[in-house]
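Listed here are the chains, written in short residue letters.
There are 2 protein chains.
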Amino acid sequence: MAAIKPSLAKGTRDFSPAEMEKRNYIFNTLKKVFKKYGYNEIQTPSFENLSTLTGKYGDEGDKLIFKILNSGDYLAKVDETLLAERNSNKLIPQISEKALRYDLTVPFARYVVMHQNEITLPFKRFQIQPVWRADRPQRGRYREFYQCDVDVVGSESLLNEAEFIMIYHEALKALGLKDFTIKINNRKILSGIAEIIGKPELIVDMTVAIDKLDKIGVDGVNKELIERGFTEEDIRTLKPIIELSGSNTEKLEQLKTVLAASQTGLKGIQEIEEVFGYVSALAEEETLAKYVEVDITLARGLNYYTGCIFEVKTNEVAMGSIGGGGRYDDLTGMFGLKGLTGVGVSFGADRIYDVLEELNLYPSSNSTSTKVLIVNFDKTLESFTLPLLAALRKEDIAAELYPTAAKLKKQMSYADAKQIPYVLLIGDEEKESGQLSLKDMASGEQVRLTREELIERLK
Amino acid sequence: MAAIKPSLAKGTRDFSPAEMEKRNYIFNTLKKVFKKYGYNEIQTPSFENLSTLTGKYGDEGDKLIFKILNSGDYLAKVDETLLAERNSNKLIPQISEKALRYDLTVPFARYVVMHQNEITLPFKRFQIQPVWRADRPQRGRYREFYQCDVDVVGSESLLNEAEFIMIYHEALKALGLKDFTIKINNRKILSGIAEIIGKPELIVDMTVAIDKLDKIGVDGVNKELIERGFTEEDIRTLKPIIELSGSNTEKLEQLKTVLAASQTGLKGIQEIEEVFGYVSALAEEETLAKYVEVDITLARGLNYYTGCIFEVKTNEVAMGSIGGGGRYDDLTGMFGLKGLTGVGVSFGADRIYDVLEELNLYPSSNSTSTKVLIVNFDKTLESFTLPLLAALRKEDIAAELYPTAAKLKKQMSYADAKQIPYVLLIGDEEKESGQLSLKDMASGEQVRLTREELIERLK
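Which chain is which? The protein sequence lines are A and B, in order.
First residue of the first sequence: 1, per the numbering used here; consecutive thereafter.
First residue of the second sequence: 1, per the numbering used here; consecutive thereafter.
This is chain A alone, in the form it adopts within the complex:
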């Protein structure tokens, strides 16, 4: 076969050892926290039946689903007319019956429905797997990327919502982040506001406009509200909501006044208060005040969430949200299992990766796995170095003997490139005396140690 110059498929990435170490550090830290809160891991297949995915993400989403071409003579039974018309869209279901996972939510819903007789509710799961989208690739946006979802289904208790705040708090702290905000809102508050104004059908337009407060200011928001069909009177009603300020407690008190006439709205406020009650019992005093913020402009996936809504951002780096989620009441309805409530959050692994990179928060020992390289001076010395190599590994010390007696410079470059922290130099003299020379690659310092001292030092 002819040699071709290889390239990556558009929008995809290789992960080299140093990147893998960092990614694994993030995933392992998150997994440890999820497990501590009683969440267990599941995985679903990379591709699903096309019919499982189609229609779940809107028309735009459907276009972004990667379809897998049927194997064999896939055109054999295709409709004559559609083929003649080159009707790409309508031909899809005839030549493709499988598609790549677009998110983790729909496969999870499918999983819950298919396994409903074997799982015990409440079912707490986390899932960390790649998803694929036929988006136009651009900086920071890939066609293959990891999602990291944590959900509990089958429990109405707001303790779950509180524990997600705890999980965010504990996980981000464990990753070394110091200043971040866990924003909380409740869909029922947004419904209440739309109800008060008498325009429940404009709830989306309202939240989209209010959401821009930070960027375009009060006047800008008001202008947009008018454009979107609200009246001057509506804007007067909305004023205290848009200008909501103070502590979380103060905001909730102001909202109670504004939403006094809406049962739904008051229910939303009460839910947040109950969540805060749980958090206060679970966390140190400062947590709620310092890390959690009521933000009624928060509206993520409005058509989907029914109760509390979360979004997390770091305040140390300019970056979009690094996580979010909320309560939904009908995850599995699309597959015929009605009335199953759930709540879940996700972590934006790629963004968290960039944040830790920018803040230099990765553990330094993380960049390599090998602790010591034994320099190979001479094949005849192998009778001495090989048993030592075995002894180091027996003590669970990651160790390598350079495989040939190459030039010292080459062997040192190898240690450098792999960021191996120690190099062991064993020549004839060391073999005779039993005093081994250990070089610290960072400081350049060299010490002479017996075999026992060496093992003790490296352990």
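Hints should not be assumed to be uniformly reliable.
Stated by the list, open to error - As a list, the in silico BS3-like pairs of lysine-lysine whose alpha-carbon atoms are at most 30 Å apart:
hint : chain 1 : residue 1 : chain 2 : residue 2
1    : B       : Lys77     : A       : Lys5
2    : B       : Lys35     : A       : Lys35
3    : B       : Lys31     : A       : Lys173
4    : A       : Lys290    : A       : Lys215
5    : A       : Lys410    : B       : Lys22
6    : A       : Lys31     : B       : Lys63
7    : A       : Lys63     : B       : Lys63
What the hints assert, rightly or not - Between beta-carbon pairs, the in silico distance windows are:
hint : chain 1 : residue 1 : chain 2 : residue 2 : range
8    : A       : Arg457    : B       : Lys256    : 21 to 29 Å
9    : B       : Ala417    : A       : Lys63     : 26 to 34 Å
10   : A       : Thr380    : B       : Ser245    : 28 to 36 Å
11   : B       : Glu456    : A       : Glu286    : 41 to 49 Å
12   : A       : Asp378    : B       : Arg236    : 42 to 50 Å
Simulated from the structure, these hints should not be mistaken for laboratory data.
Just so it is clear, CB atoms sit at the ideal spot from N, CA and C, and this is done for glycine as well.
Position chain B against the provided structure of chain A, taking the given hints into account.
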């Protein structure tokens, strides 16, 4: 949208929590060993350009590659004639430019070529990722399955081969296997045999026939050799090879006599002897004799391997090989980088999973992550149980409070289903006395402990 009864795509599997724990146990055990020997993890994208994969696996392999349909109006520029002819095969490159990874070897070769300026040779990597094949699904054969490859490129040293024997030995021992055989052969020995007989072109036929010795006996093998074009005289020459017996050393000595006239064959023997020399220096005395076996019928991927060839099987369970690999001399030639030698092995994760299952070798604590469930008797007790829950987690003890005051039976069923080993019962009495009741779910035993004693016990 209409509710559809969901199903899995053919040949794919969900992994539920208990399965994930077991799979992670296997992968983590393997990873730990790989790292100890200086191998670092990489990952490549799930899909590659179709041209990267096509032509690397033979015609049959090409058919089994899952192709991804181009996005958008994929038929717009398709060749009129091919479309009219419904030429499924020739249309593929016009409507598909990407395909799912078929193995880890070709993407690794692509990786090495693309990253050649940033990696330092010898480059030691491992890779554990799913691959996809459009095979007809059957028991134990899936369309999505994990491969687990460890390779070093850029080093001719036979120390690498010896270390793969050590890696197999250490990893399988760590997984609890006691009786397994690491078979070794050398492509050069097979070439030498074909050379001696004067029929190098029949090397594949010869090894295929010899490979059946266990199943069809000497007479059966001889019959097949005749059918495949060998003469009675060839069979006389082959006799001592087919009937090779004794210890590894004895086998190698016999081979030296038979292959005395073949430089290539003698080189193959010498390579195995050198590998054994390294293993003897690295391992305990019994390892070579007990776990390693010269098997000249071993021929895996004959067209690919150029030096030592490995295959591993367990002797505790009836199962095909659970691993294999070998030395290759031209991994990256297909992408224009010639002359890069390498050696690698793989672990059959799905089969190892089944072996451990059958031998009941999974750690028992492995089936769940939550250590203790606090029973929820009454909402008013939450002021007492919530801080305790937080205290347990602070000590890194995975703990849950059942989210509502459901019936005790229901809460106990939850603990049972999740295989949570301890349940904490805190009623009014326990709250008053500070003596908490901890129930061991396995033994049914119940003890009363102070908060400090509880934490000590669960840690």
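Here is how each hint holds up against the structure:
Restraint check for lysine 77 of chain B and lysine 5 of chain A: satisfied, since their Cα atoms lie roughly 25 Å apart, inside the 30 Å limit. Note on lysine 35 of chain B and lysine 35 of chain A: the hinted pairing holds, with a Cα-Cα distance of about 25 Å set against a maximum of 30 Å. The hinted pair formed by lysine 31 of chain B and lysine 173 of chain A meets the criterion: a straight-line CA distance of about 27 Å does not exceed 30 Å. A hinted pair counts as satisfied when its Cα atoms are at most 30 Å apart, and lysine 290 of chain A with lysine 215 of chain A qualifies at roughly 23 Å.
Between the alpha carbons of lysine 410 of chain A and lysine 22 of chain B the distance comes to roughly 41 Å, so the proposed pair goes past 30 Å and is violated. At roughly 38 Å between alpha-carbon atoms, lysine 31 of chain A and lysine 63 of chain B are farther apart than 30 Å, so this suggested pair is violated. Under the criterion of a C-alpha separation no larger than 30 Å, the hint pairing lysine 63 of chain A with lysine 63 of chain B is consistent with the structure, at around 26 Å. Between arginine 457 of chain A and lysine 256 of chain B, the C-beta spacing of about 45 Å breaks the proposed range 21 to 29 Å.
Restraint check, alanine 417 of chain B to lysine 63 of chain A: a C-beta distance of roughly 41 Å breaks the suggested window 26 to 34 Å. For the hinted restraint 28 to 36 Å between threonine 380 of chain A and serine 245 of chain B, the CB-CB distance of approximately 35 Å keeps it satisfied. Glutamate 456 of chain B and glutamate 286 of chain A have their C-beta atoms about 28 Å apart, which leaves the hinted 41 to 49 Å range violated. Here the CB-CB span from aspartate 378 of chain A to arginine 236 of chain B is close to 46 Å, well matched to the stated 42 to 50 Å.
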